[in-house]
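**Student:** The lines below spell out each chain.
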Amino acid sequence: MTFQSFEYAALLVVVFAVYWFLPRLAQNALLLIASYVFYAYVDPRLALLLGGYTIVNYLAARAIDSDRDHARRYLVLAVLASLGALGFFKYTGFFVDSMATALDVIGLASFDSTLKIILPVGISFYTFQSLGYVIDVYTHRTHARRDFVNTALFISFFPQLVAGPIERAANLLPQFEQSRKFRPDQTASGLSLLTWGLFKKLVIADNVGVIVDRVFSTSEPGAAMLWVGVFAFGIQILADFSGYTDIARGSARLLGIELSLNFRHPWLASSPTDFWRRWHITLSTWLRDYVYIPLGGNRSGRRRTAINIVITFMLGGLWHGAAWNFVIWGLFHAGLILLWRSGSLLGSRFAMPVSTALTFVLLAAGWLLFRESDLAFVGENLSQIRDLQLAVALGATALLYSLPIWLHAIVDQPRFAAYWNRTDVSRTIGLTAVTLTSFIGILLLRADVSAEFIYFRF
Amino acid sequence: MMTAPERNSGTVAEQGTPHGARRRATVLLAAMLAVLLIVPTLFGRASAVEPFDQSAVERLGSAAPAIVFLGNSLLETRIDPGYMNELAGVRSASLAVDGAGPGTWYLQLKNVIGGSLNRPRTVFIFFHDDLITRPISFTGPQDNALTERLSKGTEAEYRLVVSNAETLGDRIRRGFATIYPLANAPSSDPNSVSSAGAFIAGLSRDEARDEFDRVFEFANLRTQGSDIQQPKFHGTFDSTVEKSFLPLLVEMADELSIELILVRVSARPRDDGTPNEPDSLAEYTSNLSGYLAINGARYIDMTGHPDIDPGMYYDGYHLINRYRSFYTEIFSELLFPDRGANP
Chain A
0 MTFQSFEYAA LLVVVFAVYW FLPRLAQNAL LLIASYVFYA YVDPRLALLL
50 GGYTIVNYLA ARAIDSDRDH ARRYLVLAVL ASLGALGFFK YTGFFVDSMA
100 TALDVIGLAS FDSTLKIILP VGISFYTFQS LGYVIDVYTH RTHARRDFVN
150 TALFISFFPQ LVAGPIERAA NLLPQFEQSR KFRPDQTASG LSLLTWGLFK
200 KLVIADNVGV IVDRVFSTSE PGAAMLWVGV FAFGIQILAD FSGYTDIARG
250 SARLLGIELS LNFRHPWLAS SPTDFWRRWH ITLSTWLRDY VYIPLGGNRS
300 GRRRTAINIV ITFMLGGLWH GAAWNFVIWG LFHAGLILLW RSGSLLGSRF
350 AMPVSTALTF VLLAAGWLLF RESDLAFVGE NLSQIRDLQL AVALGATALL
400 YSLPIWLHAI VDQPRFAAYW NRTDVSRTIG LTAVTLTSFI GILLLRADVS
450 AEFIYFRF
Chain B
0 MMTAPERNSG TVAEQGTPHG ARRRATVLLA AMLAVLLIVP TLFGRASAVE
50 PFDQSAVERL GSAAPAIVFL GNSLLETRID PGYMNELAGV RSASLAVDGA
100 GPGTWYLQLK NVIGGSLNRP RTVFIFFHDD LITRPISFTG PQDNALTERL
150 SKGTEAEYRL VVSNAETLGD RIRRGFATIY PLANAPSSDP NSVSSAGAFI
200 AGLSRDEARD EFDRVFEFAN LRTQGSDIQQ PKFHGTFDST VEKSFLPLLV
250 EMADELSIEL ILVRVSARPR DDGTPNEPDS LAEYTSNLSG YLAINGARYI
300 DMTGHPDIDP GMYYDGYHLI NRYRSFYTEI FSELLFPDRG ANP
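Residue numbers (numbering that gives the first Met the number 0), protein chains in the order written: chain A, 0 to 457; chain B, 0 to 342.
One or more hints might be untrue.
What the hints assert, rightly or not - Calculated lysine to aspartate or glutamate pairs in the DMTMM-like style (CA-CA distance at most 20 Å, straight line):
id, chain 1, residue 1, chain 2, residue 2
1, B, K231, B, D314
2, B, K151, B, E254
3, B, K231, B, D300
4, B, K231, A, E451
5, B, K231, A, D447
6, B, K231, B, E49
Claimed, not checked - Output of the computed footprint for chain A on chain B, the stretches with three or more beta carbons under 8 Å from beta carbons of chain A:
id, segment
7, 21-27
8, 173-183
9, 202-214
Note that these hints are calculated values from the structure, not bench results. For each residue, glycine too, the CB sits at the ideal point set by N, CA and C.
Here chain A stands alone, though its shape is the one from the complex (with noise of 0.2 Å):
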């Protein structure tokens, strides 16, 4: 079931609906089966998975919780259980492709493989969410949870089971251990939310896709053309993993729950360092957490603190996809970070607005790597200028459909912010006219074809 799916709107009204009648442990009750209905709807196999999950890693924090002796031997073997399924569905055929692949290129042997493994949608995603939680338990960062519902619903709470925010256990399960209350401005706040995200999927991400297609496809979109594609990507990509995450955020507030906060205008964004404090923050400092600083972070010298960033970025590139392109994108990334770091070259020696400008520019080169597998077409294309004047048409187009997104970003400032929240009359004049803007926005703007969300490839 997808957020722009006439569906998912008819559970989440039910569940809006029954949900704010009932005792919290129903109210839970409720939130879990919804869990379930929602990632079995399309194949009920990947509700058995998700159990899968589920039980693997109560039973491992309640071992980890009640015998500390052996705390370690239990956490292994959930790391292990969980990366192991991970591996298994996510990373089989990359690995056993590159391995045909390298035997081939030193002719030691070769063969033809032809793996397919389903990729249950969401299981990145999850896999790090109840990683995070057995880790936590182990580092005392929170504890042990009897109640196997609670922790359940933590794994598998449906507005951000597939594709995040990565929440932790110490933001998530207390909310599902308090009793909640109806709260009309947090229910404004979240329908507001909610229509924002999906203005977001099906009138900017959609259409702008279509562009992004449209390039990609193309055998000799020339460097223009190239360039144009690329810009389009960016948009695309910030409207629709943001846009999924606002609508996830917004029905968790319709329910009394608060989610993460994943996006902060990256587009704003002065450094590469600047940008993973405002793109995926869940995720970035979930690798800051369990991989950067379990490495030594940057207590130990220039040089390890280097080799970190490097690892940790070559992680956070494969956990989006089995494919090279992922992992030299993350590399990128630890490349820009490392350089701005070193200051001498590029950072801190720019007033911000150029270093603004700067990142932005190279960030949209770090997409081309994400959006492209085959970097010898980038290299092809990139030497040869055609086909000018429809590239501009369709940078404008893309950048006409992005507007709102650099709007926003404007009047989502702390000046302009208190302005609308100074009053709850202001408040809700503010959210009214947001929320009306982007639902008449959607009617009339959307795409005829809504495509899958991208990160639920990952």
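Given the coordinates of chain A, assemble chain B onto it according to the supplied hints.
**Tutor:** Okay, now just chain B, sitting in the frame of chain A:
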């Protein structure tokens, strides 16, 4: 825009507002919902259901074609009725509608062709894959205004097929579209954004579209057709036919004493020229052919035609515009071997 008011979004810890403030917040929420739910209903609402378009019947009557073609954009990219007249010396007309499906063709056959004083001798329906047994009126967005213009009265038989095939999502979508008529409008307005983009580049809308079609035509695509648009198959013939418009189409043609010929256009062949279709679709085709033979209709399958080349395709199904005349010649030769492309 304050879509994500993080500072005021409220957390669990903030619960427990005073009673007066809560009541005020409830009133504000109710006001917000009222505005959101009511205001969009005011846009795009037609004053009444569109009446049946009698002018379409009259146009067809005055043209008095011996042959009428029904179909969608696949027909438009294949058959030039004017050129067909020249080639075969038989007056023909096309009632192609972009994105049309069997429900629309049924209404056209029943009310436009059936209502004409000069009924054609033969009606061809061009379709792809298993579209002819899918219980839909449009392959893309629903154009309710067109359906209304093609309908006379309640169209009970048409409605029965539509309602029998509705999923939960379809029902919700229909209810939503009834309340918010803007949702029914074909999403043509994104074109206004594209036009603005073209204007910035110094192109007119038509110039931009021509450039777009030229640069992104199928011949320029990296991935070949078989990967881009795979033939679609939605169930066996026996399991779908009775819930579809096909029996109504066959009955209506019989009632009107019109020869009905269904033409299945081929998906883009593989690069080696062999047909690109799964075995299940081949079996479906065989069953369809048998069904039509029993019920007095004819069937032409263009799949595997030796003159149809993968290079003629714009995408998985549509032909590049310059091959329209050539396809018309092929089809004319097929229908009238004695006249064919040399009238």
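**Student:** The structure should be examined with respect to each hint, and the outcome stated for every one.
**Tutor:** The hints, checked one at a time:
no. : hint            : result
1   : B:K231 - B:D314 : holds (14 Å)
2   : B:K151 - B:E254 : holds (17 Å)
3   : B:K231 - B:D300 : holds (16 Å)
4   : B:K231 - A:E451 : holds (19 Å)
5   : B:K231 - A:D447 : holds (19 Å)
6   : B:K231 - B:E49  : violated (33 Å)
7   : 21-27           : holds (count 5)
8   : 173-183         : holds (count 4)
9   : 202-214         : holds (count 5)
Hint 6 alone, counting from the list given before, is not met by this structure.
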